[in-house]
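**Student:** Residue numbers (the numbering used here), protein chains in the order written: chain P, 8 to 509; chain D, 47 to 199.
No lab work stands behind these hints, which were simulated from the structure alone. All values reported here derive from a predicted model rather than from experimental measurement.
Simulated restraints on C-beta separations: (1) G130(P) <-> E150(D): 43 to 51 Å; (2) E84(D) <-> D38(P): 55 to 63 Å; (3) D90(P) <-> E187(D): 31 to 39 Å; (4) R78(D) <-> D90(P): 36 to 44 Å.
Ideal placement from N, C-alpha and C gives every residue a C-beta, glycine not left out.
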Amino acid sequence: MAVLEEPIKEVLNIKNFIDGEWAESEGQIKDIANPATGKVIARVPISTQDDIDAAVASAQEAFPDWRRTPPLARVRCLFRLKDLLEENFEELSRIQTMEHGKTIDESRGETRRGIEMVEVATGIPSLMMGSNLEDIASGIDEYLIRQPLGVFGIIGPFNFPFMVPLWFAPFAVATGNCIVVKPSSEDPISQVKIAELAEEAGIPPGVWNVVHGGRTVVSGMLNHPHIEGICFVGSTPVGRDVIYKGCGDTGKRVIVMCGAKNFALVMPDADLNRTIAACMTSFYGNTGQRCLANANLVVVGEGLSQEEYDAFYATVVDAFVSAASRIRIGYGLDDTVHMGPLRDAQKKEKVVKYIEKGIEQGATLRLDGRNVDLVGDLPDTCFVGPTVFEDVTLDMAIAREEIFGPVANMMKASSLDEAIAMIHRIPFGNAASIFTASGKWARQFQYDVECGNIGINVGIAAPMAFFPFSGMKDSFFGTLHGQGQEAIRFFTESKVVIQRWF
Amino acid sequence: MDSLNVTASAIISFTEKLEDRSSAFYEELADRWVDSKEAFLAFAKESKKNKTQVIRTYQETITDALEACFSFEGLDLRDYEIETALAKDASYVEALGIALELEETACAFYLDVADRSESLLATIPRAFRRVAKKRGKHKLELQSLRDKAAAGS
Numbered sequence: 008m009a010v011l012e013e014p015i016k017e018v019l020n021i022k023n024f025i026d027g028e029w030a031e032s033e034g035q036i037k038d039i040a041n042p043a044t045g046k047v048i049a050r051v052p053i054s055t056q057d058d059i060d061a062a063v064a065s066a067q068e069a070f071p072d073w074r075r076t077p078p079l080a081r082v083r084c085l086f087r088l089k090d091l092l093e094e095n096f097e098e099l100s101r102i103q104t105m106e107h108g109k110t111i112d113e114s115r116g117e118t119r120r121g122i123e124m125v126e127v128a129t130g131i132p133s134l135m136m137g138s139n140l141e142d143i144a145s146g147i148d149e150y151l152i153r154q155p156l157g158v159f160g161i162i163g164p165f166n167f168p169f170m171v172p173l174w175f176a177p178f179a180v181a182t183g184n185c186i187v188v189k190p191s192s193e194d195p196i197s198q199v200k201i202a203e204l205a206e207e208a209g210i211p212p213g214v215w216n217v218v219h220g221g222r223t224v225v226s227g228m229l230n231h232p233h234i235e236g237i238c239f240v241g242s243t244p245v246g247r248d249v250i251y252k253g254c255g256d257t258g259k260r261v262i263v264m265c266g267a268k269n270f271a272l273v274m275p276d277a278d279l280n281r282t283i284a285a286c287m288t289s290f291y292g293n294t295g296q297r298c299l300a301n302a303n304l305v306v307v308g309e310g311l312s313q314e315e316y317d318a319f320y321a322t323v324v325d326a327f328v329s330a331a332s333r334i335r336i337g338y339g340l341d342d343t344v345h346m347g348p349l350r351d352a353q354k355k356e357k358v359v360k361y362i363e364k365g366i367e368q369g370a371t372l373r374l375d376g377r378n379v380d381l382v383g384d385l386p387d388t389c390f391v392g393p394t395v396f397e398d399v400t401l402d403m404a405i406a407r408e409e410i411f412g413p414v415a416n417m418m419k420a421s422s423l424d425e426a427i428a429m430i431h432r433i434p435f436g437n438a439a440s441i442f443t444a445s446g447k448w449a450r451q452f453q454y455d456v457e458c459g460n461i462g463i464n465v466g467i468a469a470p471m472a473f474f475p476f477s478g479m480k481d482s483f484f485g486t487l488h489g490q491g492q493e494a495i496r497f498f499t500e501s502k503v504v505i506q507r508w509f
Numbered sequence: 047m048d049s050l051n052v053t054a055s056a057i058i059s060f061t062e063k064l065e066d067r068s069s070a071f072y073e074e075l076a077d078r079w080v081d082s083k084e085a086f087l088a089f090a091k092e093s094k095k096n097k098t099q100v101i102r103t104y105q106e107t108i109t110d111a112l113e114a115c116f117s118f119e120g121l122d123l124r125d126y127e128i129e130t131a132l133a134k135d136a137s138y139v140e141a142l143g144i145a146l147e148l149e150e151t152a153c154a155f156y157l158d159v160a161d162r163s164e165s166l167l168a169t170i171p172r173a174f175r176r177v178a179k180k181r182g183k184h185k186l187e188l189q190s191l192r193d194k195a196a197a198g199s
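Using the sequences and the hints given, assemble the complete structure.
**Tutor:** Written as structure tokens, this is what we have:
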């Protein structure tokens, strides 16, 4: 076992970051434990309405000056932030592993994708430009300008504590807005570190605020009359409330990115070695706590006889189970480990209940992750190993509901049409993947499937920072998505000027 | 450790150690055999550069969207463990022999991991191949030093 050095040596007393200062909250304090070791690593405040009011007031006050700061000057702050993130790359990554549980490779991957958002947002002087047309009528010109709106709230999930708030924050700030970030109260340390670096990068007080907490902070943000818009990433039930109850009542613009139940289709002509390797990361990466994780694997028998199909199905499932059973589970800072723990004991309990439900509803448990062999001497409080079910049908809870854990369901479809119909019977539409060598099948898949992110021979269909992070059906509520040009449109108001000079 | 399932991070940690050990080894050689000091110090400097370049490439390439953790199927790092400790009374030719073995092992390691990461990652195999090429050049220079030493003795 080769465990990398832990960057957090003593328990951190986390504070809010309001108006460029680290501020204590009057709210209760919650312990944050490293899910792999069980050791408390930080204490976070569950902030009050007063805290959120103070943060919004500070952001409002900062807005006029920040908005008037030339775009090039604003992005110079982001260039410095990018440099600081690079300088602190390893520490930031190890913190994610300590607070969330993911492996160090996964954390470094998360850090990289977060930095990419900052990199893309530094293009704002070009990306934010409007458009114009002369002589739309006699002697009249018309042009469009994009203006920032004011204060935005960003509510982050626990599964990507570093990256997800960065899907929005750099774009909001670069376009001239001010933000209040509420990290998940389960793993808030990464956002504290980012705020420290944002301050060091020269982003003025009040432009980038962080308020920790739970429901009080969320509802305080949703109901706040001076917050113009909300970016939320979390579960579908909460997401519905965010858009329809919270932001619907107050008329805020929203990006609400929610739950998923993603399918991977394996066609008879797929390159099996590469498919299985991709599936391991897709199904079990981040311990299944990823909205782009695949959960249902459909072995498709298009063009095969029954006998051929049975043999193909057995080959795919055997290879999947064999690879899954070789995944090493333990502390993510041990770089011989492939999969870390779930974020906390409640999440483990939820996953275990789903495994039990799967058995009750008639699925066959091919690989049981409940009794897991760990690398190293660790408490098993938050660990569940890779789990594989066979004989899964779409009416089962394990096939329809988001488990958010390392559980894979093996399913059958005799044709591509049937497999696509299966995807459409699920209420979610976040992502779907197909593994095939056929351009025809791949095109049919991308054309017909009602999901926002499509992977063709790619297990995790994660859009890069310059493309929108899409999503459909119960996986996304709103109009414009995070990342890229859509984020810029979300964080700005279009104003059209029609001018004539006499 | 399961030799069939090595993480990208473990490969990078191994690379770091290999290059650290190489630079320390060549610095020791430079101290002990001043006639070849310049060549040995150049090798040591290159090892430091190799480490920086490989880590930077890895950090700039690894992403949450890539299949990073399972990239090195079938690799056994024990195949590339190498002892560089030099006996106090080791001769110049013996030292060159250890250096040649180090370069051969390092070169084989980098080519192996380049081949195994070819299908999933784009820039990482290229970085490994670049280091393998440099290690190959070291080997030729070391052979030439050894030939000269043999001719002189």
